[in-house]
Amino acid sequence: MTRFIAPIITLAILVGFFFVGLHKDPSIVPSPLIGKPAPVYELPLLLKPDETLGTEKLLGQVYLLNIWGTWCPGCRVEHGALLEIERQNIVPIYGLNLKDDPRLARQWLAELGDPYVATMVDTEGRVSIDWGIYGAPETFLVDHDGMIVHKLIAPINMQIWHEDFLPLIQQLKAAQP
Amino acid sequence: MIPELGLFALVLTFCLAFIQSFAGLAGAYWRKPEWLALVRPMASGQFVFAALSFGLLTWSFIVNDFSVEYVALNSNTELPFFYRIAAVWAAHEGSLLLWILTLSAWTLGVAWANKDMPIVFRARILGVLGLINCGFMLFVMATSNPFIRLLPAALEGRDLNPLLQDPALVIHPPILYAGYVGLAVAFAFAVGALIEGKVTSNWARWLRPWTLLAWAFLTVGVALGSWWAYYELGWGGWWFWDPVENASFMPWLMATALIHSLAVTEKRGLFKSWTVLLAICGFSLSLLGTFLVRSGVLISVHAFASDPARGLFILIFLGLCIGIALGLYAWRAPAFGSGGGFKVLSRESFLLLNNLMLVVAAGLILIGTLYPLFIDALEMGKISVGPPYFNLVFLIPTLPMVLLLGVGMHSTWKRARWEMLWLRLRTPLSIAVPVALGISFAWGRPSVLTFVGVFAGVWVILSALSEVRQRQKMGRSFFALPRSVLGMLTAHIGLGLFVLGTTVTSVFSIEKDLALRAGDVVELAGYQIKLETLRNTEGPNFDAVEGVVTIRRDGEMVTTLYPQKRVYRVQTSPMTEAGIEAGWTRDLFVALGDDLGNGSWSLRIQFKPLVRFIWLGALVMAFGGLLSMSDPRYRKKRQAEAPAPELAEGTAP
Amino acid sequence: MKKRYQRGIRVALVLAGVGIAVALMLRAFDENILYFYTPRQVVAGEAPDGRRFRLGGLVTLGSIEREPGSLKVSFLVTDNQKTLTVEYEGVLPDLFRDGQGVIAHGAMNDKGVFVADEVLAKHDENYMPPEVAEALKEVHGENES
Chain F
1 MTRFIAPIIT LAILVGFFFV GLHKDPSIVP SPLIGKPAPV YELPLLLKPD
51 ETLGTEKLLG QVYLLNIWGT WCPGCRVEHG ALLEIERQNI VPIYGLNLKD
101 DPRLARQWLA ELGDPYVATM VDTEGRVSID WGIYGAPETF LVDHDGMIVH
151 KLIAPINMQI WHEDFLPLIQ QLKAAQP
Chain X
1 MIPELGLFAL VLTFCLAFIQ SFAGLAGAYW RKPEWLALVR PMASGQFVFA
51 ALSFGLLTWS FIVNDFSVEY VALNSNTELP FFYRIAAVWA AHEGSLLLWI
101 LTLSAWTLGV AWANKDMPIV FRARILGVLG LINCGFMLFV MATSNPFIRL
151 LPAALEGRDL NPLLQDPALV IHPPILYAGY VGLAVAFAFA VGALIEGKVT
201 SNWARWLRPW TLLAWAFLTV GVALGSWWAY YELGWGGWWF WDPVENASFM
251 PWLMATALIH SLAVTEKRGL FKSWTVLLAI CGFSLSLLGT FLVRSGVLIS
301 VHAFASDPAR GLFILIFLGL CIGIALGLYA WRAPAFGSGG GFKVLSRESF
351 LLLNNLMLVV AAGLILIGTL YPLFIDALEM GKISVGPPYF NLVFLIPTLP
401 MVLLLGVGMH STWKRARWEM LWLRLRTPLS IAVPVALGIS FAWGRPSVLT
451 FVGVFAGVWV ILSALSEVRQ RQKMGRSFFA LPRSVLGMLT AHIGLGLFVL
501 GTTVTSVFSI EKDLALRAGD VVELAGYQIK LETLRNTEGP NFDAVEGVVT
551 IRRDGEMVTT LYPQKRVYRV QTSPMTEAGI EAGWTRDLFV ALGDDLGNGS
601 WSLRIQFKPL VRFIWLGALV MAFGGLLSMS DPRYRKKRQA EAPAPELAEG
651 TAP
Chain R
1 MKKRYQRGIR VALVLAGVGI AVALMLRAFD ENILYFYTPR QVVAGEAPDG
51 RRFRLGGLVT LGSIEREPGS LKVSFLVTDN QKTLTVEYEG VLPDLFRDGQ
101 GVIAHGAMND KGVFVADEVL AKHDENYMPP EVAEALKEVH GENES
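Chains as they are written, first to last, in this note's numbering: chain F, 1 to 177; chain X, 1 to 653; chain R, 1 to 145.
These are calculated hints, taken from the structure and not from any lab test.
Covered stretches of chain X (chain R as the covering partner; in silico rule of three or more C-beta atoms under 8 Å from a C-beta of chain R):
hint, stretch
1, 378 to 388
2, 392 to 399
3, 512 to 525
4, 598 to 606
Here are the computed lysine-lysine pairs in the DSS-like style, where the Cα-Cα straight-line distance is at most 27 Å:
hint, chain 1, residue 1, chain 2, residue 2
5, X, K530, R, K72
6, X, K32, X, K198
7, X, K115, X, K198
8, F, K57, F, K36
9, R, K82, F, K99
10, X, K414, X, K473
11, F, K151, R, K82
12, X, K115, X, K636
13, F, K48, F, K99
14, R, K72, X, K512
15, F, K99, F, K57
16, F, K36, R, K82
17, X, K382, R, K82
18, F, K99, R, K72
Going by beta-carbon spacing under 7 Å, a handful of chain F positions derived as facing chain X:
hint, residue
19, P7
20, L11
21, F18
22, L22
By construction, the Cβ of each residue, glycine as well, lies at the ideal position given by its N, Cα and C atoms.
With the rest of the complex left out, here is chain F (with noise of 0.2 Å):
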């Protein structure tokens, strides 16, 4: 009799393991920052390279920080969706690039467009470094206070946007008269 029932024994047991490992899928990557203060910095703009941009700045507004780079694959991913974002026009998109040529992150705006309100450089990833990225696309969302609330580690998509972001861009500025 056992070797009739064996069979469903062994299954009960895979699909046991097969579902604490569907829950160990490391997706979901949280980030040190969030509910903390964005890093202090300033930088020079890529369009306007005499002018500057940072932390003390921004303050006062909700804004996405979007890191990027033309050597990064995921960020030509997402570049559709940051465009759509940008067309809603909730809130300012800010760009941060990292690690690049400015040269051809200049190009890259102009031919596939440019969804970033400003677009700061940082060319040796000293401000990368404070912000705990480590790579890009990642995309972060800032509040009035300067308070990073959420952390992308992926390409945004418009499902993401929509189920993970824009409630909360919602919470806030309800917050926020």
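Assemble the complex: chain F is given as a structure, and chains X and R must be docked to it using the hints.
Showing chains X and R alone in chain F's frame:
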């Protein structure tokens, strides 16, 4: 509009499949002839609408409709037309749609072939197939809809993954899926038999051609995948024991075991519950493969983007499908009985050993594949299991199996005699030893294991050929052999070629990583390989650096190869396109690595003896399967069987 | 009687086969299992001495150095907390580049350098090896506390 129609067609397909399974299973249970009559038309409708849905998605690719997200993510206006069609099944969503279409096609086949099958039994099988397809369609609609709009539309698509822009990869998924999904037919037959509570030799006779067909597809599919890996991503490796490769190989092993076990069930009425179990396990491993590939629980170079929600859905589906089948098995199979006996030395024994070895091999591969998952789930660390493990545990059961196969082919049912076997085998044996020695020493000094491997290959081929000779001796011509026997012999010759190719390639390949400048010459296995120059070139959607490599042997020109390092414009990912000089006895393989500065580039140069035999063997095997499947015996009217079937064709309108 | 005898032989054959297979398998397992470590774990001395293991992390931007004209290459692998030097000789995979996730197979030498005999990068554009991502997650978690 087109994509919406596509989704609508898919919903319709779902409805038809649902009616088909309900009418089939409930109609058979309550014996409602008018319900049973619905089943076959539903199967036809299901296929038509599945094809329509698939066709409409294809259309969106052809016309570059980037308002469909799936199209925008996987195609591009620069993409050549041929690849635009292949892009339909390049990613998760579309490949599932292909899966559904394939299952509908198999369903259609089962519905309209097998004219002598009792209508109730057919309804049950179609009912089970319909349920499986329903599950997959729910999966698509709930988590992986390929028809989702992207509004406003993207101006340009993200392009097809450059790795997949390759002719072999265009046909690899459809063929592999045909095999995977074909095992669903065996699964449905098994569940049907369990519901009815009996396994007959007619049951085995109906199922065998389907299994052979699925197995042939699977063989070609796995071989194509290996061939692709060889020239496209493997830098000359042809099998990596990657989880995704294992996921396609384990069902193949099971299907192989099933074919052999079905032979015993058909001819001798034995191994009934075992055959049913194999039929369930074969498809279960297909589902398991789908789960592993698409849920991201294991790390693989081939994996689709991982998504836990999808993983959970497949896991539940897999648990239900296999759980119900195995539950039925635990409940019903004990009643199948075991039929007549056989001697230790008999064809039955050899086939039993074959089954055992194949299942043990599949089991050991399964353990190795899942071991990292177990360890991770138990929080015991992160590990990976290396290829040497797989090589070893695969060889332990299969090498003796191949050696025994040469004998088993000649043994008779019930009881075989040593004297008879010896009479038939002494000639092939006496030829095989010197031939194997000759081949073993052709490329250098072999080890004992190398000799055994080469011998096993040669031995199987010669043993199969000797069967033909025996028949001729008895005055029968080669073509008068039943096609199923011819097919069996052909497939075994294919296996021999495969074993030969694998052994020689694994042992005698030479591989060199070199830094070369234009003008440098290297010597490899008697060939002079010269990097003449490097130049820039471009294709329709990529830019490339191309090496011009000439190959001479004793000063005589053999060929010129053009290995490339490509950068695809849209995804900006680099790709190595190897230059391969293929031949019967050896491949020469040149791949371009990186720019090392100072004008030198890294190159990987390989000499691979008999590597073509690996895929040639697989093709011959598949051909043997098809030959066997075409045996007229499978299309004959039902043969008289001891217990009369209570519901013949005539009882239903 | 005869049947039982036959059955006995079959059972014995099966058991012997399974037994040998299990024994060999365990041995093969022992030799072929590679544990995964991050640079932080290696620096903390958690990785075994002299045994091969897999090192995972990200290639530090701008750290790839080639010895001109040869296949020798060295680069830094980091988990954003500790960094290790990796040396490798051979052809690197297509998707190997700085800033990307990488897994290297090899062992530590006595100079504290990881000598790799195999380097893997994944054929996925948005890839970060899950193990690496998880390792990084742990590091971040500790930073926070």
